[in-house]
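Residues per chain, in single letters:
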Amino acid sequence: MIILRNLRFITKVTKTDANIPNYLPKNIRSLRNQTRQRVESLTTKEEHTDHVEKLAQPTRTEQRVNTGITEAVNKYLKNELRHIENKENIDVPTIQTNATHSSHLPANDEEIDDQLLDVGEAKKDYVPTFNLAAYVNKSPTLQKFLQLGVDLHSIERRKGLAKFTLGLDFEKDVQPYLYFLQDQGVPAESFGELITKNPLIFKIDIDDLQTRVNYLESKKFTAVQRQRIFTYNPFWLMFSTHRIDKRLGHFQKEFHLNGDDVRFLASKQPRLITYNMDHIRKASFCIREEMGFDKDEIKCLLLSKPRLWMINSDELIERFAYAHQTMGLSHDLLIQFPEVLTSREFRLRQRHEFLATLGRAQYDPEKDLYTSPKDLVSGNDYHFVRNVAKSDLETYELFLKTR
Amino acid sequence: MSLTKVYDAPTVFRHLNGIMNIYKPAGMKVKHVKNAVLHNIAKDLNEMKVREPRKLHTPLLEPGGDANPLLRKINSIDLADHILATGPRYQISDIRCALVAGLGIHTSGVLLFGINKGINQSQQVQRNRPVRAYHVTGRLGMATETHFPDARITVRADYRHVHPDRVSALAASMQASHQRKMYELCGVDLQSQAAYEIACKGLLRPADNTQPVIYGIKLIDFQRPDFTLEIHAINECEEYLASLINEVGIELRTVAHCTSIRCIRHGHYGVETSLLRHGWNLRGVVKNMREQRQVLQKHPHLINQDKIELRND
Numbered sequence: 356m357i358i359l360r361n362l363r364f365i366t367k368v369t370k371t372d373a374n375i376p377n378y379l380p381k382n383i384r385s386l387r388n389q390t391r392q393r394v395e396s397l398t399t400k401e402e403h404t405d406h407v408e409k410l411a412q413p414t415r416t417e418q419r420v421n422t423g424i425t426e427a428v429n430k431y432l433k434n435e436l437r438h439i440e441n442k443e444n445i446d447v448p449t450i451q452t453n454a455t456h457s458s459h460l461p462a463n464d465e466e467i468d469d470q471l472l473d474v475g476e477a478k479k480d481y482v483p484t485f486n487l488a489a490y491v492n493k494s495p496t497l498q499k500f501l502q503l504g505v506d507l508h509s510i511e512r513r514k515g516l517a518k519f520t521l522g523l524d525f526e527k528d529v530q531p532y533l534y535f536l537q538d539q540g541v542p543a544e545s546f547g548e549l550i551t552k553n554p555l556i557f558k559i560d561i562d563d564l565q566t567r568v569n570y571l572e573s574k575k576f577t578a579v580q581r582q583r584i585f586t587y588n589p590f591w592l593m594f595s596t597h598r599i600d601k602r603l604g605h606f607q608k609e610f611h612l613n614g615d616d617v618r619f620l621a622s623k624q625p626r627l628i629t630y631n632m633d634h635i636r637k638a639s640f641c642i643r644e645e646m647g648f649d650k651d652e653i654k655c656l657l658l659s660k661p662r663l664w665m666i667n668s669d670e671l672i673e674r675f676a677y678a679h680q681t682m683g684l685s686h687d688l689l690i691q692f693p694e695v696l697t698s699r700e701f702r703l704r705q706r707h708e709f710l711a712t713l714g715r716a717q718y719d720p721e722k723d724l725y726t727s728p729k730d731l732v733s734g735n736d737y738h739f740v741r742n743v744a745k746s747d748l749e750t751y752e753l754f755l756k757t758r
Numbered sequence: 537m538s539l540t541k542v543y544d545a546p547t548v549f550r551h552l553n554g555i556m557n558i559y560k561p562a563g564m565k566v567k568h569v570k571n572a573v574l575h576n577i578a579k580d581l582n583e584m585k586v587r588e589p590r591k592l593h594t595p596l597l598e599p600g601g602d603a604n605p606l607l608r609k610i611n612s613i614d615l616a617d618h619i620l621a622t623g624p625r626y627q628i629s630d631i632r633c634a635l636v637a638g639l640g641i642h643t644s645g646v647l648l649f650g651i652n653k654g655i656n657q658s659q660q661v662q663r664n665r666p667v668r669a670y671h672v673t674g675r676l677g678m679a680t681e682t683h684f685p686d687a688r689i690t691v692r693a694d695y696r697h698v699h700p701d702r703v704s705a706l707a708a709s710m711q712a713s714h715q716r717k718m719y720e721l722c723g724v725d726l727q728s729q730a731a732y733e734i735a736c737k738g739l740l741r742p743a744d745n746t747q748p749v750i751y752g753i754k755l756i757d758f759q760r761p762d763f764t765l766e767i768h769a770i771n772e773c774e775e776y777l778a779s780l781i782n783e784v785g786i787e788l789r790t791v792a793h794c795t796s797i798r799c800i801r802h803g804h805y806g807v808e809t810s811l812l813r814h815g816w817n818l819r820g821v822v823k824n825m826r827e828q829r830q831v832l833q834k835h836p837h838l839i840n841q842d843k844i845e846l847r848n849d
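As they're listed, the protein sequences go chains B and F. In case it helps, this note's numbering puts the first sequence at residues 356 to 758. In case it helps, this note's numbering puts the second sequence at residues 537 to 849.
One thing to keep in mind: the hints can contain errors.
Below, in silico cross-link-like pairs of lysine to any residue (SDA-like), each with a Cα-Cα straight-line distance of 25 Å or less [claimed, not checked]: (1) B:Lys756 / F:Asn571; (2) B:Lys608 / B:Lys623; (3) F:Lys585 / F:His575; (4) F:Lys565 / B:Thr757; (5) F:Lys823 / B:Asp736; (6) F:Lys565 / B:Tyr677; (7) B:Lys527 / B:Thr577; (8) F:Lys834 / F:Asn571; (9) F:Lys570 / B:Glu700; (10) B:Lys493 / F:Lys565; (11) B:Lys729 / B:Gly614; (12) B:Lys514 / B:Thr551; (13) B:Lys499 / F:Ile613; (14) F:Lys823 / B:Asp723; (15) B:Lys558 / B:Asp616.
Just the calculated beta-carbon pair ranges, DEER-fashion [to be verified]: (16) F:Glu775 / B:Glu749: 49 to 59 Å; (17) F:Val542 / B:Glu700: 31 to 41 Å; (18) B:Met665 / F:Leu539: 38 to 48 Å; (19) F:Asn582 / B:Met665: 24 to 34 Å; (20) F:Pro761 / B:Met665: 34 to 44 Å.
One side of the interface only, derived from the structure: several residues of chain F facing chain B at Cβ under 7 Å [claimed, not checked]: (21) Ala616; (22) Ala621; (23) Gly623; (24) His804; (25) Asn817; (26) Leu818.
Note that these hints are calculated values from the structure, not bench results. Glycine included, each C-beta is placed from N, C-alpha and C at the ideal position.
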């Protein structure tokens with residue numbers, strides 16, 4: 356414990372040297388900390404220790420600032436010390452000053468470490484901790500983040516990000532990026548979520564970000580589309596123009612889209628473009644080969660429900676199998692109502708089975724008692740039972756308890 | 537007694553004790569059911585009025601304190617206690633939850649959980665081994681590897697000769713032979729006076745929880761090829777019930793597999809009051825626990841069992 360406190364003391368001293376106007380109160384406090392450990396000695400000669408304290412401060416600060424003065428001061432200090440030593444039984448304070456000097460030496464290493472780690476003001480006098488919450492009261496950057504609505508709790512769960520966030524200086528590292536995002540039309544309310552999801556955006560050079568925006572401009576993305584992209588996909592700006600270009604090209608070629616379609620797709624579901632490409636290839640295979648949609652149908656599906664490409668393909672094929680084989684919905688109907696494929700299988704199943712027991716499961720629009728598949732999956736259970744099944748909730752619950 | 541609406545999350549959490557009765561859907565693991573329910577409870581608690589961040593207590597007269605920027609915020613809030621810094625006030629791990637008795641993945645029906653201080657009760661309920669009642673549906677004509685429909689089919693057979701009275705007779709004879717086994721499992725020597733006295737009392741609970749015991753098998757529905765048996769049992773598991781269906785099939789000179797298992801009663805906790813999937817939220821859980829508390833009041837022997845035989849009250 357004492358070692359820790361000393362270490363903290365050392366870092367404090369070295370740091371305060373850098374900015375002179377701040378040093379005074381902290382130095383006094385640090386020295387008082389030390390004197391507090393040696394109360395028994397202090398009770399004897401209190402005025403002398405005070406004297407030495409006052410002398411010790413300027414020397415320590417000036418040692419750094421200009422070495423020319425330090426020699427003179429050292430000489431003065433030595434004289435002073437000799438003067439003190441002449442008076443008897445006051446060797447304690449000299450030991451103390453020696454102690455501070457000797458402990459000063461490793462402090463340089465500490466400081467070099469700090470600089471290497473590139474952790475800024477926030478690192479000062481902090482001890483290791485498990486979460487960012489311990490630093491919030493001390494770090495102005497984290498306080499600003501809280502005001503923006505950044506969820507520090509979810510940042511610290513990802514490896515390495517807590518350290519990175521702590522090292523940020525709001526004025527220098529964060530503010531330019533927020534201005535930049537604001538210029539792109541990202542609303543201030545979504546800054547919090549954006550930083551929560553992707554704090555590493557502060558690592559990227561702002562010129563690079565500008566290049567990426569310029570790329571989208573050159574590809575004729577409108578301002579509204581760009582704003583949607585940056586707001587709904589915090590990771591978009593992390594991708595280099597080369598990668599984005601390759602991916603947009605891939606979507607264009609694979610699904611035979613024209614330029615407007617690509618722009619529409621990217622702004623409708625910006626996360627799809629930066630999604631895991633392996634997953635997208637798998638989903639494409641699943642939709643084309645396993646479900647058997649043809650080229651135009653796939654394009655139609657992609658533009659109306661791009662989320663289908665981000666769903667686990669096993670679940671997707673299960674839903675499709677139920678809708679197509681058990682419920683008897685044709686491919687055309689599924690293209691018309693892609694919502695059916697985005698609802699979970701158990702939901703589809705229990706609603707369809709309930710309608711089947713009521714004799715209302717009739718999805719052919721040309722016959723009587725038609726129930727739209729879109730109505731089937733939309734709304735909560737109460738809405739479904741009252742408006743689609745035209746029954747009551749008790750009956751539905753009794754039915755569900757026989758499953 | 538006047539009823540007031542509660543908006544305060546700590547109040548609700550303090551009273552979140554007891555046993556809840558969840559309707560488990562088939563095809564979902566117990567672990568996932570538990571996670572889903574607890575996740576929704578924590579989410580709803582966090583949406584209510586949660587505790588405000590603490591006030592910051594900085595000593596006013598700290599040595600060298602006048603330059604301390606914190607001093608200016610004496611009465612301001614402690615940001616380290618802010619929700620964004622510490623995470624949500626209620627998390628899944630804050631809610632203690634214990635299962636009374638598990639159900640397999642193919643089983644649907646009554647699933648009991650003890651929550652917070654209700655864990656104690658739930659353990660006692662489990663220790664007393666209440667009887668569970670099942671509706672088990674089998675399908676004749678096909679046997680599968682695991683006796684469940686999602687496995688590979690191993691045998692096909694003709695089932696047109698099977699009649700419901702034949703199935704009922706078989707069920708009755710199986711019930712008789714299982715009851716004979718029940719006396720062996722009650723924990724005393726069969727040739728002793730103690731065994732005779734215990735046997736005089738009627739149906740007995742087993743001494744340990746290793747061997748499944750079946751008390752009743754009854755045919756309640758027969759629509760060839762599907763048939764449904766109602767089974768009352770202790771210490772059973774879904775594989776055991778499925779293999780029972782398989783045996784029924786073989787005894788009937790055909791084969792069968794099990795298409796669904798539904799637990800309709802666990803002790804005195806019935807399926808009527810169990811909580812369906814769309815009620816898995818704080819409001820539903822609180823209401824459900826209130827209902828289940830009445831069950832426990834009506835039948836105190838669910839916790840303090842004093843008799844070895846099965847009881848009807």
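Hint check results:
{"no.": "1", "hint": "B:Lys756 / F:Asn571", "in the structure": "holds, 21 Å"}
{"no.": "2", "hint": "B:Lys608 / B:Lys623", "in the structure": "holds, 18 Å"}
{"no.": "3", "hint": "F:Lys585 / F:His575", "in the structure": "holds, 18 Å"}
{"no.": "4", "hint": "F:Lys565 / B:Thr757", "in the structure": "holds, 18 Å"}
{"no.": "5", "hint": "F:Lys823 / B:Asp736", "in the structure": "holds, 19 Å"}
{"no.": "6", "hint": "F:Lys565 / B:Tyr677", "in the structure": "holds, 21 Å"}
{"no.": "7", "hint": "B:Lys527 / B:Thr577", "in the structure": "violated, 30 Å"}
{"no.": "8", "hint": "F:Lys834 / F:Asn571", "in the structure": "violated, 30 Å"}
{"no.": "9", "hint": "F:Lys570 / B:Glu700", "in the structure": "holds, 20 Å"}
{"no.": "10", "hint": "B:Lys493 / F:Lys565", "in the structure": "violated, 46 Å"}
{"no.": "11", "hint": "B:Lys729 / B:Gly614", "in the structure": "violated, 30 Å"}
{"no.": "12", "hint": "B:Lys514 / B:Thr551", "in the structure": "holds, 14 Å"}
{"no.": "13", "hint": "B:Lys499 / F:Ile613", "in the structure": "holds, 14 Å"}
{"no.": "14", "hint": "F:Lys823 / B:Asp723", "in the structure": "violated, 41 Å"}
{"no.": "15", "hint": "B:Lys558 / B:Asp616", "in the structure": "violated, 32 Å"}
{"no.": "16", "hint": "F:Glu775 / B:Glu749: 49 to 59 Å", "in the structure": "violated, 34 Å"}
{"no.": "17", "hint": "F:Val542 / B:Glu700: 31 to 41 Å", "in the structure": "holds, 36 Å"}
{"no.": "18", "hint": "B:Met665 / F:Leu539: 38 to 48 Å", "in the structure": "holds, 46 Å"}
{"no.": "19", "hint": "F:Asn582 / B:Met665: 24 to 34 Å", "in the structure": "holds, 27 Å"}
{"no.": "20", "hint": "F:Pro761 / B:Met665: 34 to 44 Å", "in the structure": "holds, 42 Å"}
{"no.": "21", "hint": "Ala616", "in the structure": "holds, 5 Å"}
{"no.": "22", "hint": "Ala621", "in the structure": "holds, 4 Å"}
{"no.": "23", "hint": "Gly623", "in the structure": "holds, 4 Å"}
{"no.": "24", "hint": "His804", "in the structure": "violated, 17 Å"}
{"no.": "25", "hint": "Asn817", "in the structure": "violated, 12 Å"}
{"no.": "26", "hint": "Leu818", "in the structure": "violated, 16 Å"}
This entry does not satisfy hints 7, 8, 10, 11, 14, 15, 16, 24, 25 and 26, going by the numbered hints stated previously.
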